[in-house]
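Let the sequences and hints guide you as you build the complete structure.
Listed below, chain by chain, are the residues.
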Amino acid sequence: MKRLLLVAFSLLCIGFLPSPVGAVLPDEVLPDPVLEARAREISQELRCVVCQNQSIDDSNADLARDMRVLVRDRLVAGDTNDQVKEYLVARYGNFVLLRPPVQTDTLLLWLGPVLFLFAAFTGFAFYLRNAKEEIINAPRPLSSGEEALLKRVKENAI
Amino acid sequence: MKFSVFSPLLIMLGIGAGFAISLSNDPHTLPSALIDQPLPEFDLPPIRTEDVGFSRADLEGQVALVNVFASWCVACRIEHPTLMRLSREKRIPVYGVDWKDKREDGAAWLLAFGDPYELVGEDQNSKLAIELGVTGAPETYVIDKTGRIRYKQIGPITEDVWNDTIEPLVIALEKEVTP
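Each protein sequence line maps, in turn, to chains V and D.
Residues 671 to 828 in the numbering used here are what the first sequence spells out, letter by letter.
Residues 15 to 193 in the numbering used here are what the second sequence spells out, letter by letter.
In case anyone wonders, no lab produced these hints; they're calculated from the structure.
C-beta atoms are modelled at their ideal positions from N, C-alpha and C, and glycine is treated no differently.
One or more hints might be untrue.
To be verified - Taking lysine to any residue and the SDA-like style, the derived pairs with C-alpha atoms no more than 20 angstroms apart in a straight line are:
#	chain 1	residue 1	chain 2	residue 2
1	D	K141	V	T774
2	D	K141	V	D736
3	D	K116	V	A731
4	D	K141	V	V699
5	V	K755	V	F765
6	D	K104	D	E74
7	D	K104	D	K141
8	D	K104	D	D178
9	D	K141	V	E756
10	D	K189	D	Q76
11	D	K141	V	V677
12	V	K755	D	E74
13	D	K141	V	D732
14	D	K141	V	V746
15	D	K116	V	D736
16	D	K141	V	Q753
As the list claims (entries may be wrong) - Label pairs and their computed distance ranges (CB to CB):
#	chain 1	residue 1	chain 2	residue 2	range
17	D	M26	V	T792	12 to 22 angstroms
18	V	R769	D	K141	18 to 28 angstroms
19	D	S69	V	P696	25 to 35 angstroms
20	D	P22	V	V746	53 to 63 angstroms
21	D	A122	V	V784	55 to 65 angstroms
22	D	P22	V	P696	55 to 65 angstroms
23	V	V784	D	E74	47 to 57 angstroms
To be verified - Taking beta-carbon pairs under 10 angstroms as the criterion, some of the chain D residues facing chain V (in silico):
#	residue
24	P52
25	P54
26	K114
27	N139
28	S140
29	V148
30	G150
This is the structure:
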């Protein structure tokens, strides 16, 4: 029983691992393992323009397959990784890159999280300062003399 | 003190405005990186035995439409009557790229619905499609007299698209004098 559970657990773990093969079909794989590894690396950074939120390495779309083949063709022809990406960016724009490049029109995108964090900290600092002032300005408790005076006043009132 | 009372409302308005802008922005219409770029060299094989195929040289010196279609493409049927009309009225030469399609399927499609194209070539492995930055069919490129891409229509050319967007551009391009 214990062993069965162990096997089931292992299988479950395998299921959650990222698939090492993506959507690459056997007939696309290059004979040279070094080039193939580079092709896989590039493919994981290129967006499938049909499905839009998958890399071409993950996508089963026909166009993604053709783009994978093209990436490999260009590597075989002697392109560097950057040249392959530039080739596709020239045709599809920066949208084809899953990781947008840092440039003037994407600056807000990259700095956005830092700005939000800064705004949150500033807001929190103001909040703390207000809270401190409220504590300072809070009415102080009555002294024992005042306490006794209050008691007397109340008793007289009855 | 007054500001803090209204700040949730202001934040909500800000978020609302952000969503309104994002939602009205269709992510499927990608801007073309190739506007004003020269069309790449290509020489596509024919889909029918009596055809000669379609190459870049065929476009030389004229304003033309290059239409990416396929027999599997449903939206292509929407624009087909418009393309047929343009061809019948000899308004503008239309060239066809049968994309990721079996030759016989593309040929049968043209036989069934009519053939609006001057020339048709097939692009089975997306060689030309990727050169053009095609993301789906139908897509249509307006080519000027010097062979540059001047406009990319993503999705079908309906009569409205033709009248409002493409024809005014075509008229302007036809007036351009080539050096």
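To see whether the hints hold, each was checked on the structure:
1. D:K141 <-> V:T774: The given pair, whose Cα atoms are some 32 angstroms apart, is violated under the 20 angstroms limit.
2. D:K141 <-> V:D736: 8 angstroms, holds
3. D:K116 <-> V:A731: Distance of about 17 angstroms is within 20 angstroms: holds.
4. D:K141 <-> V:V699: With Cα atoms ~19 angstroms apart, K141 of chain D and V699 of chain V stay inside 20 angstroms; holds.
5. V:K755 <-> V:F765: 11 angstroms, holds
6. D:K104 <-> D:E74: Cα-Cα ~18 angstroms, so holds.
7. D:K104 <-> D:K141: Between K104 of chain D and K141 of chain D the Cα gap is close to 30 angstroms, so the pair fails against 20 angstroms, i.e. violated.
8. D:K104 <-> D:D178: 19 angstroms, holds
9. D:K141 <-> V:E756: OK: K141 of chain D and E756 of chain V at ~16 angstroms, within 20 angstroms.
10. D:K189 <-> D:Q76: 11 angstroms, holds
11. D:K141 <-> V:V677: Violated, because 47 angstroms separates the two Cα atoms, which is more than 20 angstroms.
12. V:K755 <-> D:E74: With Cα atoms ~30 angstroms apart, K755 of chain V and E74 of chain D exceed 20 angstroms; violated.
13. D:K141 <-> V:D732: 12 angstroms, holds
14. D:K141 <-> V:V746: With a Cα-Cα distance of about 16 angstroms, the restraint between K141 of chain D and V746 of chain V holds, given a limit of 20 angstroms.
15. D:K116 <-> V:D736: Measuring from Cα to Cα gives roughly 16 angstroms; hence the hint holds.
16. D:K141 <-> V:Q753: It holds: about 17 angstroms lies between the C-alpha atoms, which stays within 20 angstroms.
17. D:M26 <-> V:T792: 12 to 22 angstroms: Between M26 of chain D and T792 of chain V, where Cβ atoms are some 20 angstroms apart, the hint holds.
18. V:R769 <-> D:K141: 18 to 28 angstroms: 26 angstroms, holds
19. D:S69 <-> V:P696: 25 to 35 angstroms: Holds - the Cβ-Cβ distance for S69 of chain D and P696 of chain V, about 34 angstroms, lies within 25 to 35 angstroms.
20. D:P22 <-> V:V746: 53 to 63 angstroms: Check passed, 59 angstroms falls within 53 to 63 angstroms.
21. D:A122 <-> V:V784: 55 to 65 angstroms: Cβ of A122 of chain D to Cβ of V784 of chain V: about 58 angstroms, so the range 55 to 65 angstroms holds.
22. D:P22 <-> V:P696: 55 to 65 angstroms: 57 angstroms, holds
23. V:V784 <-> D:E74: 47 to 57 angstroms: This hint holds: roughly 53 angstroms between Cβ atoms.
24. P52: Check failed: Cβ of P52 of chain D comes no nearer than 12 angstroms to chain V, outside 10 angstroms.
25. P54: 9 angstroms, holds
26. K114: 6 angstroms, holds
27. N139: Since the shortest Cβ distance to chain V is 6 angstroms, the answer is holds.
28. S140: Check passed: Cβ of S140 of chain D comes within 4 angstroms of chain V, closer than 10 angstroms.
29. V148: 8 angstroms, holds
30. G150: 6 angstroms, holds
In this structure, the earlier hints numbered 1, 7, 11, 12, 24 are contradicted, and the remaining ones agree with it.
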